[in-house]
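Protein sequence lines correspond, in order, to chains A and B. Each residue of the first sequence is one higher than the last, beginning at 1 in our numbering. Each residue of the second sequence is one higher than the last, beginning at 1 in our numbering.
Mixed in with the good hints there might be a few duds.
[To be verified] Below, a list of computed lysine-lysine pairs in the DSS-like style, where the Cα atoms sit at most 30 Å apart:
#  : chain 1 : residue 1 : chain 2 : residue 2
1  : A       : K21       : B       : K73
2  : A       : K234      : A       : K29
3  : A       : K48       : A       : K675
4  : B       : K131      : A       : K688
5  : A       : K629      : A       : K429
6  : A       : K429      : B       : K130
7  : A       : K629      : B       : K130
8  : B       : K73       : A       : K629
9  : B       : K152      : A       : K688
10 : B       : K152      : A       : K21
11 : B       : K73       : A       : K29
12 : A       : K608      : A       : K159
Since the hints were made in silico from the structure, they are not lab data.
Spelled out, the chains give:
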Amino acid sequence: MHVGQSLPRVDAYDKVTGRAKYTDDLVDKSALIAKVLHAQIAHGLVIKMDIGEALRVPGVVKIVTCFDVPDILFSTAGHPWSTDISHQDVADRMLLNRRVRLYGDDIAAVVAEDEIAASSALRAIRVEYEEYPHVLNPIEAMAPGAPQLHDAFLNNILKQTSAGRGDFEAAIQEPGLIRIEGEYETPMVQHSHLELPVSYAYIESGRIVIVSSTQIPHIVRRVVGQALGMPWGKVRVIKPYIGGGFGNKQDVLYEPLNAYLCQQVGGRLVKLEISREETFFATRVRHADKIRLVSYVRPNGRIVARSCDVYANQGAYASHGHSVTGKTMTAFRQLYHEEKAHRVTGHTVYTNTPAAGAMRGYGVPQAMFAVESHAEDIAAALNLDSLTFRRMNMMPVGFTDDFSKNVNYYDSLNQCIEKGRACIDYDRKRKLYQNQTGPVRRGVGMSLLWYNTAVWPISLEASSCRMVLNQDGSVQVQLGETEIGQGADTAFAQMTADVLGIPFHDVHMISTQDTDITPYGTGAYASRQTYVGGMSIRQTANMLKEKIISYAHELTRMQIYDLDIQNASIIHRPTGNALLSLGELATEALYSLSHSEHFSAEATYQCKTNAYSLGCAFAEVEVDIPLCKITLLNIVNAHDCGRLVNPQLAAAQVHGGMSMGIGYGLSERMLFDEKTGRLLNDNFLDYKLSTVLDHPRLETRFVENYEPTSAFGTKALGEPPAVPVAPAIRNAVLHATGVAINRAPLNPHELFTAFVSAGLIPTEK
Amino acid sequence: MIQRKLITCTINGNKIQTMVDVRASLTDMLRNDYRLTSVKKGCEVGECGACNVMIDGECFNSCIYLAVWADSKHIRTVESLLGSAGELHPIQQAFVDEGAVQCGYCTPGFIMTALEIVQSGRQYTRDELKKLLSGHLCRCTGYENIVNAVEKAMKGTAQSIPETISRHRPATR
Numbered sequence: 001m002h003v004g005q006s007l008p009r010v011d012a013y014d015k016v017t018g019r020a021k022y023t024d025d026l027v028d029k030s031a032l033i034a035k036v037l038h039a040q041i042a043h044g045l046v047i048k049m050d051i052g053e054a055l056r057v058p059g060v061v062k063i064v065t066c067f068d069v070p071d072i073l074f075s076t077a078g079h080p081w082s083t084d085i086s087h088q089d090v091a092d093r094m095l096l097n098r099r100v101r102l103y104g105d106d107i108a109a110v111v112a113e114d115e116i117a118a119s120s121a122l123r124a125i126r127v128e129y130e131e132y133p134h135v136l137n138p139i140e141a142m143a144p145g146a147p148q149l150h151d152a153f154l155n156n157i158l159k160q161t162s163a164g165r166g167d168f169e170a171a172i173q174e175p176g177l178i179r180i181e182g183e184y185e186t187p188m189v190q191h192s193h194l195e196l197p198v199s200y201a202y203i204e205s206g207r208i209v210i211v212s213s214t215q216i217p218h219i220v221r222r223v224v225g226q227a228l229g230m231p232w233g234k235v236r237v238i239k240p241y242i243g244g245g246f247g248n249k250q251d252v253l254y255e256p257l258n259a260y261l262c263q264q265v266g267g268r269l270v271k272l273e274i275s276r277e278e279t280f281f282a283t284r285v286r287h288a289d290k291i292r293l294v295s296y297v298r299p300n301g302r303i304v305a306r307s308c309d310v311y312a313n314q315g316a317y318a319s320h321g322h323s324v325t326g327k328t329m330t331a332f333r334q335l336y337h338e339e340k341a342h343r344v345t346g347h348t349v350y351t352n353t354p355a356a357g358a359m360r361g362y363g364v365p366q367a368m369f370a371v372e373s374h375a376e377d378i379a380a381a382l383n384l385d386s387l388t389f390r391r392m393n394m395m396p397v398g399f400t401d402d403f404s405k406n407v408n409y410y411d412s413l414n415q416c417i418e419k420g421r422a423c424i425d426y427d428r429k430r431k432l433y434q435n436q437t438g439p440v441r442r443g444v445g446m447s448l449l450w451y452n453t454a455v456w457p458i459s460l461e462a463s464s465c466r467m468v469l470n471q472d473g474s475v476q477v478q479l480g481e482t483e484i485g486q487g488a489d490t491a492f493a494q495m496t497a498d499v500l501g502i503p504f505h506d507v508h509m510i511s512t513q514d515t516d517i518t519p520y521g522t523g524a525y526a527s528r529q530t531y532v533g534g535m536s537i538r539q540t541a542n543m544l545k546e547k548i549i550s551y552a553h554e555l556t557r558m559q560i561y562d563l564d565i566q567n568a569s570i571i572h573r574p575t576g577n578a579l580l581s582l583g584e585l586a587t588e589a590l591y592s593l594s595h596s597e598h599f600s601a602e603a604t605y606q607c608k609t610n611a612y613s614l615g616c617a618f619a620e621v622e623v624d625i626p627l628c629k630i631t632l633l634n635i636v637n638a639h640d641c642g643r644l645v646n647p648q649l650a651a652a653q654v655h656g657g658m659s660m661g662i663g664y665g666l667s668e669r670m671l672f673d674e675k676t677g678r679l680l681n682d683n684f685l686d687y688k689l690s691t692v693l694d695h696p697r698l699e700t701r702f703v704e705n706y707e708p709t710s711a712f713g714t715k716a717l718g719e720p721p722a723v724p725v726a727p728a729i730r731n732a733v734l735h736a737t738g739v740a741i742n743r744a745p746l747n748p749h750e751l752f753t754a755f756v757s758a759g760l761i762p763t764e765k
Numbered sequence: 001m002i003q004r005k006l007i008t009c010t011i012n013g014n015k016i017q018t019m020v021d022v023r024a025s026l027t028d029m030l031r032n033d034y035r036l037t038s039v040k041k042g043c044e045v046g047e048c049g050a051c052n053v054m055i056d057g058e059c060f061n062s063c064i065y066l067a068v069w070a071d072s073k074h075i076r077t078v079e080s081l082l083g084s085a086g087e088l089h090p091i092q093q094a095f096v097d098e099g100a101v102q103c104g105y106c107t108p109g110f111i112m113t114a115l116e117i118v119q120s121g122r123q124y125t126r127d128e129l130k131k132l133l134s135g136h137l138c139r140c141t142g143y144e145n146i147v148n149a150v151e152k153a154m155k156g157t158a159q160s161i162p163e164t165i166s167r168h169r170p171a172t173r
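Assemble the whole structure, with the sequences as input and the hints as a guide.
Now the structure itself:
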């Protein structure tokens with residue numbers, strides 16, 4: 001068995017030797033260089049653009065402006081396409097935009113012989129704007145009289161939806177209920193994958209070929225076709241290794257513009273690489289949310305009714321839009337189960353800021369920060385143990401969701417809590433750190449995590465796979481699900497080896513997706529790769545195995561039902577005899593004079609299930625009150641992600657998620673100049689990622705409850721680890737200081753304000 | 001118009017002489033002229049460490065090191081670490097064994113700093129190691145397994161690191 005073992009990554013050798021090729025490593029150095037001109041106002045209209053001087057810069061080949069591009073609106077969201085118009089993503093941008101909706105909007109592009117010529121030309125373009133007032137905050141954007149970004153969306157509301165359960169107004173009439181309210185805010189943050197968004201395009205045999213650092217090659221193909229108004233089959237997208245994505249590259253970024261520029265220079269090779277600074281404002285970000293929660297609770301801690309209002313900052317363009325807010329709402333609805341009623345409303349609101357899209361957790365980090373901070377606040381208000389409070393109200397074992405049909409099969413939350421509290425010595429420290437005085441105090445806190453694995457039934461959930469048998473009995477495997485650093489290729493190879501009965505090293509993963517060659521699959525998103533990919537691998541490998549066994553029957557004349565493949569040999573099961581090797585069979589099959597056959601299998605699996613992925617984080621902090629500084633001393637994440645395919649890689653995934661959660665909780669936030677709308681911290685010096693020095697030992701714990709709906713017992717692990725960390729830290733700070741801070745990140749600026757108003761820092765007045 | 005300058009330097013054990021654009025960074029020269037694509041670009045302003053290479057035994061962000069400054073210097077990239085039969089250097093092996101690789105984009109830069117650490121012959125504490133590695137950003141691993149790998153390489157091989165540089169022959173222009 002290979003599934004369940006910590007086998008080394010299939011791409012590890014290439015990556016430690018520097019041989020792994022990423023997009024920019026592959027482009028021919030003859031490429032023309034494209035650069036984008038970004039608007040220097042936050043809101044308005046381009047009335048005139050003078051490119052005369054720019055065209056005279058030596059080396060400039062072509063300049064296109066927002067006045068030149070086709071009049072086609074398209075959506076960039078990396079969702080599976082819906083043939084139902086009402087479910088299609090909002091198409092609200094063009095290749096270059098005359099109507100400027102954020103500081104940095106794309107308004108022109110230069111193609112030149114080299115980078116210096118392209119940059120010089122950008123500086124020489126003269127732009128005249130008609131400037132409008134801008135709005136950066138969703139609450140203000142919804143107010144009457146606010147600047148309007150998109151004509152079709154009144155009061156800038158991209159979408160507003162509500163959901164609920166029970167009779168809320170009746171439920172809150174129960175005598176003796178305690179009403180607890182809280183408002184929680186999460187920051188706009190950026191994915192900060194190390195590889196910049198980059199692509200190159202050329203025309204070959206009348207078709208446009210785009211090589212891109214993307215998570216979703218097949219979706220890029222469709223969107224390029226839509227944006228350029230050309231048949232989708234005329235577009236070919238190739239995805240090599242990518243240096244991280246985290247959801248940013250689950251959007252179609254600059255591939256359509258790159259393809260268009262290539263067309264404009266007669267199909268010559270054009271490279272379009274975005275700088276780090278541009279990546280911050282001109283790609284995608286995580287929605288900054290304001291979430292208002294009201295709970296009606298009995299003195300014993302049982303929640304009777306609760307409400308939630310979400311205001312999500314969509315930024316200038318719809319991208320994934322309200323889908324993300326929808327998941328925020330679902331997370332609120334499902335982690336806790338009140339006795340009588342709840343209601344939830346979500347608003348996704350356009351503002352003149354960078355467009356928000358998918359980012360690791362898809363709305364759930366926001367929800368959990370609010371819901372789990374609120375849970376701690378309720379427990380504190382009622383003077384209850386917060387674990388007891390959670391256990392009294394959290395999703396019960398056996399719960400089945402009416403909509404998704406997800407079943408909470410196991411007592412995963414309690415099992416994860418037990419692992420986490422034991423690891424961090426929670427109970428002892430919880431008591432030890434009570435009643436501290438002095439400037440430096442410690443605390444422990446925790447947060448639960450609710451997640452869904454894939455996207456069924458919200459949208460299509462399918463995976464296609466192809467396997468080809470070689471003469472030596474090894475196989476090539478192709479899937480539309482992409483390797484983006486998470487280790488998908490390694491997990492897929494382990495699964496394939498087990499179903500086919502061949503060694504791990506005989507499985508050759510074709511890591512590069514090429515939409516001309518790779519079977520259709522929607523790519524890497526949600527936390528669905530091992531879940532959905534595993535289903536199509538199992539189906540396809542079984543088809544291939546059936547063909548092989550049938551041929552073995554021909555060769556050996558043994559009964560089909562007695563034959564099996566084990567350790568790369570055809571085995572006669574009743575006797576245990578190895579009849580011939582798979583390599584011998586495969587060679588015979590290809591060169592046989594009587595029956596020659598190329599063995600391959602290809603299939604699509606359409607998945608109509610989904611699975612809860614649950615867990616928690618426990619954090620221990622030290623707070624230096626006068627310095628307004630938090631040191632994270634210890635942290636542990638505990639997850640039930642079903643069976644582990646590769647325990648070492650699973651732990652590594654959790655480390656990465658925790659790291660992102662640490663930044664979300666303590667330091668990361670995009671800041672804007674209110675006056676101009678310009679992003680102030682568009683670089684790694686001013687945008688504070690957590691560095692290696694900000695990380696304590698990252699402890700991981702797993703509960704391996706076999707997921708019944710999954711081909712290999714697995715479920716989500718890619719996104720969940722990032723989710724519970726920030727609220728666990730926030731709750732630890734509450735424990736240490738008694739101060740509830742409701743705005744992430746808990747950086748010194750936030751702490752100062754909070755400690756001053758709590759009287760922990762004296763002010764001279 | 002474009003100002004060029006003749007420089008002589010050693011790249012991964014090979015002596016080269018080349019005309020470089022005076023505005024070019026060492027990253028540009030190594031990637032574009034010699035196709036040493038282990039040298040990655042993540043920010044191009046010296047913030048992320050993905051372009052880290054060794055110059056006369058000391059690590060530098062090559063994106064903010066001008067190519068002309070490389071004159072008379074010995075430059076080393078990850079491409080030089082492999083044995084002649086393709087065997088991994090102990091540091092590379094430690095990165096594989098410890099699961100320190102995910103997307104792989106920051107990996108070559110980290111490995112070069114690890115080489116500098118190991119070559120120092122000193123034994124550092126875990127906190128010291130973290131400080132030495134803090135010029136590198138990684139968004140995938142949370143650094144945990146990277147620090148584990150560097151620690152393992154430092155402890156296991158401090159005395160026995162071969163100083164050989166494989167004869168990687170760079171492509172000419």
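Hint-by-hint comparison with the structure:
Simply put, A/K21 and B/K73 have alpha-carbon atoms about 27 Å apart, close enough for the 30 Å limit, and the pair holds. For the proposed pair A/K234 and A/K29, the alpha carbon gap of about 25 Å is at most 30 Å, so the pair holds. At roughly 24 Å between alpha-carbon atoms, A/K48 and A/K675 fall within 30 Å of each other, so this suggested pair holds. This hinted pair checks out: B/K131 and A/K688 have alpha carbons roughly 17 Å apart, not beyond 30 Å.
The suggested pairing of A/K629 with A/K429 holds, with an alpha-carbon distance near 20 Å, which does not exceed 30 Å. Straight-line distance between C-alpha atoms of A/K429 and B/K130 comes to about 27 Å, which keeps the hinted pair within the 30 Å bound. Using a Cα cut-off of 30 Å, the hinted pair A/K629 and B/K130 holds, with the two alpha carbons roughly 20 Å apart. Simply put, B/K73 and A/K629 have alpha-carbon atoms about 43 Å apart, too far for the 30 Å limit, and the pair is violated.
Using a Cα cut-off of 30 Å, the hinted pair B/K152 and A/K688 holds, with the two alpha carbons roughly 29 Å apart. Of the pairs offered as hints, the one joining B/K152 and A/K21 holds, with about 27 Å between alpha carbons and a cut-off of 30 Å not exceeded. Between the alpha carbons of B/K73 and A/K29 the distance comes to roughly 26 Å, so the proposed pair stays at or under 30 Å and holds. Between A/K608 and A/K159, the direct Cα distance comes to roughly 27 Å. Compliance with the 30 Å bound is thereby established for this hinted pair.
Comparing the model with each numbered hint stated earlier shows that hint 8 is the single one that does not hold.
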